[in-house]
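Participant: Work from the hints to combine the two standalone chains into their complex.
As a plain string of letters, each chain reads:
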Amino acid sequence: DVKVTQSSRYLVKRTGEKVFLECVQDMDHENMFWYRQDPGLGLRLIYFSYDVKMKEKGDIPEGYSVSREKKERFSLILESASTNQTSMYLCASSWGQGSNTGELFFGEGSRLTVL
Amino acid sequence: KNQVEQSPQSLIILEGKNCTLQCNYTVSPFSNLRWYKQDTGRGPVSLTIMTFSENTKSNGRYTATLDADTKQSSLHITASQLSDSASYICVVTPGYSSASKIIFGSGTRLSIRP
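In the order they appear, the protein sequences are chains L and Z.
First residue of the first sequence: 343, per the working numbering; consecutive thereafter.
First residue of the second sequence: 4, per the working numbering; consecutive thereafter.
With the rest of the complex left out, here is chain Z (with noise of 0.2 Å):
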């Protein structure tokens, strides 16, 4: 079954600090992998797309990596601050599949402290 699983489901971390967030994946066949910021009553937003053959991709302080052999990504924010406060997601879209089938983590939840 194709599954998306993210780690820590939540985090505290000092403003100033980096911090990762994990996301696991088990789709297959994979077409390309999004991280979405969403913040408290908002609706998500996209911060990064990453494809099969990329394997890193910077939005601003936001750095997405890929290792599609071990079917990994992860997120890293450097310097955080107040504004990084939100629940991060990580979305899968399967190859050769209706948009129906795009897949969603359960998120982490970031709380960034002063």
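Same shape as in the complex, but just chain L (with noise of 0.2 Å):
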């Protein structure tokens, strides 16, 4: 079975902390994302990475950054966390290029909390 595992359901951090936010897929799939998701907004990307130690930002990166050392694996780093950041976080990854991308496979999801 496919699978996409963000390392942390829930957070909870303080305001200046630094965050780390783990993604790991078992599929090989070349195509890795980080979404945040808010109510009313949709989902809207944050970085994307067609391969390893490739990215590309998306809509909103201002604020965050990203690392992706092997394939299998992309971690979005919050490098001083503030309260506008309070967001549900998914991860995602797929085959494939350009618009001949694949299906989305999302993880559960992060539920991040700066307080």
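In short, the hints are calculated from the structure, not lab data.
Please note that a few of the clues may not be correct.
[As the list claims (entries may be wrong)] Derived CB-CB ranges, DEER-like:
{"hint": "1", "chain 1": "L", "residue 1": "E421", "chain 2": "Z", "residue 2": "S101", "range": "19 to 27 Å"}
{"hint": "2", "chain 1": "L", "residue 1": "N442", "chain 2": "Z", "residue 2": "R45", "range": "20 to 28 Å"}
{"hint": "3", "chain 1": "Z", "residue 1": "G19", "chain 2": "L", "residue 2": "I402", "range": "37 to 45 Å"}
{"hint": "4", "chain 1": "L", "residue 1": "V394", "chain 2": "Z", "residue 2": "K20", "range": "45 to 53 Å"}
{"hint": "5", "chain 1": "L", "residue 1": "N442", "chain 2": "Z", "residue 2": "Q84", "range": "32 to 40 Å"}
{"hint": "6", "chain 1": "L", "residue 1": "N426", "chain 2": "Z", "residue 2": "P117", "range": "33 to 41 Å"}
{"hint": "7", "chain 1": "Z", "residue 1": "P32", "chain 2": "L", "residue 2": "M396", "range": "20 to 28 Å"}
{"hint": "8", "chain 1": "Z", "residue 1": "G19", "chain 2": "L", "residue 2": "E398", "range": "40 to 48 Å"}
[As the list claims (entries may be wrong)] Simulated pairs of lysine-lysine, DSS-like, Cα-Cα distance not exceeding 30 Å:
{"hint": "9", "chain 1": "L", "residue 1": "K399", "chain 2": "Z", "residue 2": "K4"}
{"hint": "10", "chain 1": "L", "residue 1": "K355", "chain 2": "L", "residue 2": "K412"}
{"hint": "11", "chain 1": "Z", "residue 1": "K60", "chain 2": "Z", "residue 2": "K74"}
{"hint": "12", "chain 1": "Z", "residue 1": "K74", "chain 2": "L", "residue 2": "K399"}
{"hint": "13", "chain 1": "Z", "residue 1": "K4", "chain 2": "L", "residue 2": "K397"}
{"hint": "14", "chain 1": "L", "residue 1": "K355", "chain 2": "L", "residue 2": "K413"}
{"hint": "15", "chain 1": "L", "residue 1": "K345", "chain 2": "Z", "residue 2": "K60"}
These numbers were taken from a predicted model, which means no experiment stands behind them.
Idealized CB from N, CA, C, for every residue including glycine.
Facilitator: Next comes the structure, spelled out in structure tokens:
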């Protein structure tokens, strides 16, 4: 069974803390994504990676960075967490390139609260 | 600007009834359109995919339609069950572009009442 695993389901952090969100997929997919989901706004892309060490900024990259040192792992880093980064974070992976990208497989999500 | 709009924002129906969710998009060129189901507190899961040349696709009690001329899609749920309570998200992949350009609608929140 295909699987995308996010390291933490729920996190509570304080303003200014550094936050790591980890995502691992077992499908050998080239593409990995980090989205945030807020009520009424839908899913917004933070960063996208199409290969090891390759990344592309999404719609809302400010305040975030990513790391992809191995094909199966994609990490999202909040260098200095702020209250407006309180959100649900979803990791996804897929095969393919460009408009031939296949189905997105999502993790269970990480709900982050920044106090 | 490429956009995906869904209606209604939320919907409540009785168990056993049918319902139809709408998705309008302005994405051009167009590659494919998917419907995803997202249970509360979980990640989205794909239900159907349609390319430009397809106008209907079924997955059990879920039937998606696509009219590429009017840029509209609908998801019809037949004989609803309590487990259908979820958000349904319309997702459009533009043609000739990076996977980072995939566009999500804001979803329809469906509640099934017993």
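Participant: What are the numbers of the hints that this structure violates, sorted from low to high?
Facilitator: none
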